[in-house]
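Peer 1: Listed below, chain by chain, are the residues.
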Amino acid sequence: GAGVSQSPRYKVAKRGQDVALRCDPISGHVSLFWYQQALGQGPEFLTYFQNEAQLDKSGLPSDRFFAERPEGSVSTLKIQRTQQEDSAVYLCASSSTGDPYNEQFFGPGTRLTVL
Amino acid sequence: TQLLEQSPQFLSIQEGENLTVYCNSSSVFSSLQWYRQEPGEGPVLLVTVVTGGEVKKLKRLTFQFGDARKDSSLHITAAQPGDTGLYLCAGAGNAGNMLTFGGGTRLMVKP
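Keeping their order, the protein sequence lines are chains X and H. If you use this note's numbering, the first sequence corresponds to residues 927 to 1041, in order. If you use this note's numbering, the second sequence corresponds to residues 166 to 276, in order.
No lab work stands behind these hints, which were simulated from the structure alone. Please note that a few of the clues may not be correct.
Claimed, not checked - Partial selection, computed: residues in chain X whose CB lies under 10 angstroms from chain H:
1. 974
2. 984
3. 1015
4. 1017
As the list claims (entries may be wrong) - Cut-off 20 angstroms, straight-line C-alpha distance, at most; resulting in silico cross-link-like pairs (EDC-like, lysine to aspartate or glutamate):
5. H:235 <-> X:970
6. X:937 <-> X:950
7. H:221 <-> X:1029
8. X:937 <-> H:206
9. H:222 <-> X:1029
10. H:275 <-> H:182
Claimed, not checked - Across the chosen pairs, the derived CB separations fall in these ranges:
11. H:192 <-> X:1011: 24 to 30 angstroms
12. H:180 <-> X:1002: 39 to 45 angstroms
13. H:195 <-> X:929: 23 to 29 angstroms
14. X:935 <-> H:245: 24 to 30 angstroms
This structure is a prediction, so every number in the text was calculated from the model and none was measured. Ideal Cβ placement from N, Cα and C applies to all residues, glycine included.
With the rest of the complex left out, here is chain H (with noise of 0.2 angstroms):
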């Protein structure tokens, strides 16, 4: 069971749409992260929230965590096909070191 809990799991799409993931959890985090992965490659970190309500812009993607930050979005705008790739939102802070992953959502966009 994640506790980081992702949705959708999946999601197929034409070139130019819109999209919305989202990462909810039951506990809060002193910080979330969100990370795009490529198929036989790590994560890489595309951003950090860290105070509740906050909104950060990465070109054509936004990023928002919940006033109690215990859950985040990810907005992204007319979706290209390089957008292509595994969104995963991760929590810091919650215990320990290390990063409480999601379940991760599949992202393609068709061209």
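Isolated chain X (complex conformation) (with noise of 0.2 angstroms):
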């Protein structure tokens, strides 16, 4: 498809496991974005790429949250020893240019679940 894919869909995990959620943008996308949707409430940003560069990671909540974007395309957001307060649904956004109002088309999500 030519959207936004993220996976896995859902993920399970146990309190102080790691995990790793990936991101495929649109083709060619410049801006790639990460946000945290808790149960109820509107998505928060967490981390903005341009290209490889990560420009603006000050929405990450603690140091054990990381993401990547090594060659400019796919990103990995990871979760070291995940917390429950860390269950959500994490979406991943992409835009054609580093404008910021362009508009970001976003993928389905992963739903986070912390036992």
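Please assemble the complex out of the two chains, which come individually in their own frames, going by the hints.
Peer 2: Set out below in structure tokens:
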């Protein structure tokens, strides 16, 4: 498909486990964003890439969260030593340019449940 | 604490009724976007408003950006069950390239 894809769609982890969430943006899109959406809330910004450069990681809640986009396309969000408060839907979005007003296209999200 | 406050948080109405959702902030945004999100899916952009006082119409949906670019509203005329979903406002250009989302308004339209 031509949209943003994310995998896995659902992930259940035991507290303390490490998880890796993948995002495949729309081909050729320069900008890639990660957002966290808690149940019943709006998404909250985590981090932003322009190509392979991570330009903003101000939204990452702790040093247990790490994101990378080594070749400027696929991105991985890694959460180490998961905690129950990490349970949320993690949304990835991509945009064709670095213009902040350009439309962001969202993937379906990965629902993470930490037991 | 959300920088953008949406009201109401929940709204349950009958088919055919009109409704308005509000999005307010103490901060100025360069543009404001409205999204709709269905369960199990990501948000989908409905409209972007850029100019203070701007009004945009999308079929039965009317979007307005406040003169001071701090607030916005979404008005739906003659709501239909297909309008059911989570409506999110999001501001851009306040700080960095990210979107700042409101808490969302969950709308249910009963047939």
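Peer 1: Would you mind marking each hint as holding or not holding in the structure?
Peer 2: Hints, verified against the model:
1. Because the closest C-beta pair between residue 974 (chain X) and chain H is about 5 angstroms apart, less than 10 angstroms, the hint holds.
2. For residue 984 (chain X), the shortest C-beta to C-beta distance to chain H is roughly 7 angstroms, which falls under 10 angstroms, so the interface hint holds.
3. Checking residue 1015 (chain X) against chain H: minimum C-beta separation of about 9 angstroms stays under 10 angstroms; hint holds.
4. The closest approach between the C-beta of residue 1017 (chain X) and any C-beta of chain H is roughly 5 angstroms, which is under the 10 angstroms cut-off, so the hint is satisfied.
5. Only pairs whose Cα atoms come within 20 angstroms are accepted, and residue 235 (chain H) paired with residue 970 (chain X) is accepted, the gap being roughly 19 angstroms.
6. Between residue 937 (chain X) and residue 950 (chain X) the CA atoms are separated by roughly 17 angstroms; this keeps the pair inside 20 angstroms, and the hint holds.
7. Restraint check: the Cα-Cα separation between residue 221 (chain H) and residue 1029 (chain X) comes to about 17 angstroms, which is no more than 20 angstroms; the hinted pair holds.
8. The straight-line distance between the Cα atoms of residue 937 (chain X) and residue 206 (chain H) is roughly 16 angstroms, inside the 20 angstroms bound, and the hint therefore holds.
9. Taking the CA atoms of residue 222 (chain H) and residue 1029 (chain X), the gap is about 18 angstroms. The hint holds against a cut of 20 angstroms.
10. For the hint pairing residue 275 (chain H) with residue 182 (chain H), the CA-to-CA distance comes to about 10 angstroms; that is within 20 angstroms, so the pair holds.
11. A beta carbon spacing of about 27 angstroms between residue 192 (chain H) and residue 1011 (chain X) agrees with the range 24 to 30 angstroms that was offered as a hint.
12. Roughly 44 angstroms separates the CB atoms of residue 180 (chain H) and residue 1002 (chain X), a value that falls within the hinted 39 to 45 angstroms.
13. For the pair residue 195 (chain H) and residue 929 (chain X), the supplied restraint of 23 to 29 angstroms holds, since their beta-carbon distance comes to about 26 angstroms.
14. In this structure, residue 935 (chain X) and residue 245 (chain H) meet the distance hint of 24 to 30 angstroms, their C-beta atoms being roughly 29 angstroms apart.
Consistency note: the structure conflicts with none of the earlier hints.
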